Amino acid sequence: MMKKLLLSFVLILSLFATQLIGAAEPNLDVNTPAIIAIKSTMTARHTQLLPHYNSGAVGLTGDAFIAVKDATAVPLKDRGGINNLVSAENTDRAKLYKEIAAGNGHPEWQNDIQNTFAGRWIDKAQSGWFYQGAGGWVKK
Amino acid sequence: MNKNMGLLLAAGLALILSACVTINIYFPAAAAEKAADKIIEEVWQLKDGETKPAETTAPDAKPADSTPAVAK
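Protein sequence lines, in the order shown, are assigned to chains A and B. Be aware that the first sequence starts at 1, since it is given in our numbering, and climbs by one per residue. Be aware that the second sequence starts at 1, since it is given in our numbering, and climbs by one per residue.
Hint data in this document are derived by calculation from the structure and do not stem from the laboratory. Some hints here could point you the wrong way.
[What the hints assert, rightly or not] Cβ pair distances, simulated, as ranges:
no., chain 1, residue 1, chain 2, residue 2, range
1, A, Leu7, B, Glu33, 40 to 46 angstroms
2, A, Leu5, B, Lys47, 54 to 60 angstroms
3, B, Ile25, A, Gly81, 40 to 46 angstroms
4, B, Lys47, A, Gly128, 51 to 57 angstroms
5, B, Ile16, A, Gly135, 47 to 53 angstroms
6, A, Lys95, B, Gly6, 30 to 36 angstroms
7, A, Lys77, B, Leu46, 37 to 43 angstroms
8, A, Pro33, B, Gly6, 43 to 49 angstroms
Values in this document were obtained by computation on a predicted structure and should not be read as measured data. Just so you know, even glycine gets a beta-carbon here, dropped at the ideal spot from N, CA and C.
Could you put the whole structure together from the sequences, leaning on the hints where they help?
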């Protein structure tokens, strides 16, 4: 009797072990309504930010945000709007990291997600854009 | 005996369930990278291989040329 019980217990455990290997890393859901909304405003804003990335006026920070690197690279007529543009983008980015964590049921993942994005933004940046390295601004 | 068996099974199940919960507490780094890439590609419109050539090689220019020819 006890042997049978032990055997079934081992069976259950081994079943669980295979599950552990198979489902160790589930995908993150990035298609919640909140995330979709943030993505669309960011995509729309990107056409305005693109010339500033290219000119070096705006660069990617090491913590997954953007910052004004050299306002003199912005044409005088656009110089007033650059700070608003950058802060609007950063507000959206902060919301995005928060929503990905919350949307997947783990608000505590927000910092990890932000750190992941920090590396990926820089990795996917076009050559000529600036990003913040350990020792300051670096041209990619 | 049966009582003991039930208790043991219940304890085993509780152990397994708690272990299941533990898995998801760890941050899924690879999944997060994949998710980040997907979002960045969308926001920066980076799908070069798919969208840009389709626009720049102007596939609509050829049909435009051929359809009047057919119409004639």
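Going through the hints against the structure:
1. Leu7/A <-> Glu33/B: 40 to 46 angstroms: holds (41 angstroms)
2. Leu5/A <-> Lys47/B: 54 to 60 angstroms: The hinted range 54 to 60 angstroms holds for Leu5/A and Lys47/B, with Cβ atoms some 56 angstroms apart.
3. Ile25/B <-> Gly81/A: 40 to 46 angstroms: holds (43 angstroms)
4. Lys47/B <-> Gly128/A: 51 to 57 angstroms: The hint (51 to 57 angstroms, Cβ to Cβ) is violated, given that Lys47/B and Gly128/A are roughly 20 angstroms apart.
5. Ile16/B <-> Gly135/A: 47 to 53 angstroms: Because 50 angstroms falls inside the window, the suggested range holds.
6. Lys95/A <-> Gly6/B: 30 to 36 angstroms: violated (50 angstroms)
7. Lys77/A <-> Leu46/B: 37 to 43 angstroms: violated (29 angstroms)
8. Pro33/A <-> Gly6/B: 43 to 49 angstroms: Since the Cβ atoms of Pro33/A and Gly6/B sit about 45 angstroms apart, the hinted range of 43 to 49 angstroms holds.
Comparing the model with each earlier hint shows violations of hints 4, 6, 7; every other hint is respected.
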